[in-house]
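For the record, the sequence lines run as chains A and B.
The working numbering puts the first sequence at residues 3 to 508.
The working numbering puts the second sequence at residues 3 to 508.
By construction, these hints were calculated from the structure, which means they are not laboratory data.
Everything hinted at is true.
No distinction is drawn between identical chains; accordingly, a pair holds when it is met within one copy or between any pair of copies.
With a straight-line Cα cutoff of 25 Å, these simulated DSS-like cross-link-like pairs (lysine-lysine) come out:
{"id": "1", "residue 1": "Lys79", "residue 2": "Lys137"}
{"id": "2", "residue 1": "Lys506", "residue 2": "Lys278"}
{"id": "3", "residue 1": "Lys132", "residue 2": "Lys79"}
{"id": "4", "residue 1": "Lys435", "residue 2": "Lys382"}
{"id": "5", "residue 1": "Lys132", "residue 2": "Lys78"}
{"id": "6", "residue 1": "Lys402", "residue 2": "Lys382"}
{"id": "7", "residue 1": "Lys135", "residue 2": "Lys79"}
{"id": "8", "residue 1": "Lys79", "residue 2": "Lys499"}
Protein chains: 2
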Amino acid sequence: MFKLNKRIITILLSVMVLSTFLFMAFSASGSSQTATSYSYNGTAPKYVFMFIGDGMSFAQINSAEAYLGKAYYEDKKVDVRRLNFSNFPVAGACTTFDATSFCPDSASTATSLSTGYKTHSGTINMDVTKQVKYKTITEMVKEKGYKVGVISSVSIDHATPAAYYAHQPSRSNYYDIALEMANSNFDFFGGGGLLQPKGKAGDQADVLELATKNGFKVVTNKDEILGLNNTSGRVIAMNSVLDSSKALPYEIDREKSDLSLADFTRKGIEVLNNPKGFFLMVEGGKIDWACHANDAGTTIHETLAFEKAVNEAIEFYNQHQSETLIIVTGDHETGGLSIGFAGTGYSTYFDKISHQNKSYAEFDSVIKEYVSKTSKDNAKLEDLLPDIKAAFGLITSKDKDAEIMSDMVLTEYETQRLRAALAQSIVPKSDRKYTDEEKVLYGGYEPLSVTLTHILNNKAGIAWTSYSHTGVPLPVFAKGKGESLFVGYYDNTDVFKKLSSILKLN
Amino acid sequence: MFKLNKRIITILLSVMVLSTFLFMAFSASGSSQTATSYSYNGTAPKYVFMFIGDGMSFAQINSAEAYLGKAYYEDKKVDVRRLNFSNFPVAGACTTFDATSFCPDSASTATSLSTGYKTHSGTINMDVTKQVKYKTITEMVKEKGYKVGVISSVSIDHATPAAYYAHQPSRSNYYDIALEMANSNFDFFGGGGLLQPKGKAGDQADVLELATKNGFKVVTNKDEILGLNNTSGRVIAMNSVLDSSKALPYEIDREKSDLSLADFTRKGIEVLNNPKGFFLMVEGGKIDWACHANDAGTTIHETLAFEKAVNEAIEFYNQHQSETLIIVTGDHETGGLSIGFAGTGYSTYFDKISHQNKSYAEFDSVIKEYVSKTSKDNAKLEDLLPDIKAAFGLITSKDKDAEIMSDMVLTEYETQRLRAALAQSIVPKSDRKYTDEEKVLYGGYEPLSVTLTHILNNKAGIAWTSYSHTGVPLPVFAKGKGESLFVGYYDNTDVFKKLSSILKLN
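The following block holds chain A by itself, in its conformation from the complex (with noise of 0.2 Å):
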């Protein structure tokens, strides 16, 4: 034999080192890989996206792509465009029931997400005695030095975006909840406003006065907001154009000059962005709020919006490749929706969703300015043909292009429907009284709306089951640092569980 000597020996070693570190490090995120394993061998990226869509699950992401997929064929061919975080490489699935519900809330499920554990519904980063508060990833984060952004399209004090900044034992109070807002270190909130800034009876202190004193620059103008960039200091930053739920406006119904989710997001990476890095956390928090309104073009759109704020993250990711994850969830499926109806059966339509050019909620502007005007025996359906064409391009057989559109022509039952839901809808609230049947027919929301998207739904081949949560799993996409964490079917406190692990948390 040979003799080795001592600087050999050394080589040698090396490489026995370093193809070990080679095996543990792949098999880590390899195929050793269970459903619930939290073990992570990597260094903590740097960079952190967590983009929850709020009621958002396979249905709804696969309608969106199923919608752009028809477009692109005219012959009759079927595929699909896929959106580009399900196309990232890991795609896992979670459970969604909080600690009493199969049919949780946004509240408790962002608990279990943002903290790793289960709670009532309706409560926030609490236990389910409300006296125990839950620290947050996004808490712990900070500590270690990252900057902190949270971002949503509904109002920055709505549950989801408030479980990643605040603990309350309701999620009803909008001012505590905003309060923990103005008092964090977090560095950026963006997107929506504040339900109560000066509190329920609007007597407190002015919620973004004290945010202001406590470092926050505060911008609601767009040129403003287009104007931050990593020089800014802590931002908040909400939109100019806010419905009345201090919401942005639906895509649907979106002004094109007006601010995008994915313009507060790509201005959220970049107030954030600095060599110690950030987690930022973007709420598509309307695909839910047209979910329980059974409105699936609205849906398609929020969800295609969403899709565009992934964009900004994803062009992000591009640059910073070996120091950054992104995580696509939900927090839970709204409307039970499928592809798919009984009235249709194996046919979709998905064109005639195109014809739709307004959300429910803006058509029912339309019908309170025509309940304003009109008494209740004079009301008819025939008033209103014409802003029901131009909102989904629905038509009765009598309209002149009712030809041309055959497929959008209303069946005599349709009709009856929409003249049942305008009887209804021409009374006011409170002098509604709803049968059993009329009751799952329109649920809380306004009866001839409903109607109209539920009719356009269902000629397009689509339906729902509910106005509220469901208990449908959920798709948990992951590109980047860490990402293997993420393969199989777990809980979604297990979301929290493997960030934790991947960020060294622990």
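Once you have looked at the hints, place chain B on chain A.
Coordinates of chain B only, in the frame set by chain A:
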């Protein structure tokens, strides 16, 4: 410095090659995995299981999990009991649209899983022109020396099992499909029977006699089936207890002494087990049928029977961990099932489902019997109340158990719906004139049965959108050798391509 002699260089190079090999092996199954990767560098698994839960997606799995979970909790807390396969280390997801439909059928989707091609609904392993035959994964592995088995809880000539051995322009060519079975060189067919063993008119050569001539041992007796083992040769094993569609009885209706899908799976493994390996496809075919009928209780029990069949593969895996791959997926979702209903909002009551003791199909027989001895004018719901209580646990407020079973009491509206349904069920099918509303209420099902399952499901907080298949994406669970290729969200054709790569079939 120092001089390296040849031997040391050889050792160094060997260690470097080893580390490179390790790098390649683990990067193939690791974080560089993309959603559409088919690249596999390991050796092919010797034992491959392909489990297909027909009509089964996340909602079917999770409702079974919630049903079992609820049973473990007497207090208000909720939890799920995970199914064995939903805990597999890898859970990907796939889209299911076929060449021309977002709501495809089992023929086209099983063709995609079995051959990697998209085709028309109704077509089995042929192209859209019905001219080109596609080679199946089972034919490919058979050529490599694997034994091949095909098991289904429905008739073995049904679309999904047929896609693993036949090539036909129409799934309705039952006799031609069965001929392909009889003429195949495969090794095990088991479960359900044949719809047209002597052709459509019953005037052609008996397929089972042909199969016997071709070397198959045909067994239809329970004891003979239980006596099968790996010395039995090539086997066709059909259950002696079959329904009118030549399928195994629904699990909820099955006599405990009768053979189950798990029994057939265990015997299939025993017959196929050999040192050169095997490929076994097992279909839970009646999950789909129960979903078509919108019967959640029957769906859940079918899913649990499917889980038991998967358990046989897991036990085999435990003995051959380094050589086995188990895939569990569906072919398409059926029914648009969701855990959530407009009438129950955020509440679910899965325990109500446990009152169900009969499938909708068995209750159809109860109705048939009643209709046969009752005139249209004499029919009244009251006559059927004892049967309804026994089958579904639903009672009226006048029932003696109305107080202790108060949550199962029918509302006035529900009772009205049952009376209206009975008024349709009492007349011959050909005499039933449905309004558009009734078409959606009853589909093609026995009006009284489907109204009963709708009411029971809705009371439990479960709802459906369709009597057909939907476009909702499916999970793909994988465990064992090559599992990591199934990470991501991809297309059903990719399932074939990934398996093909793992099995070195190119």
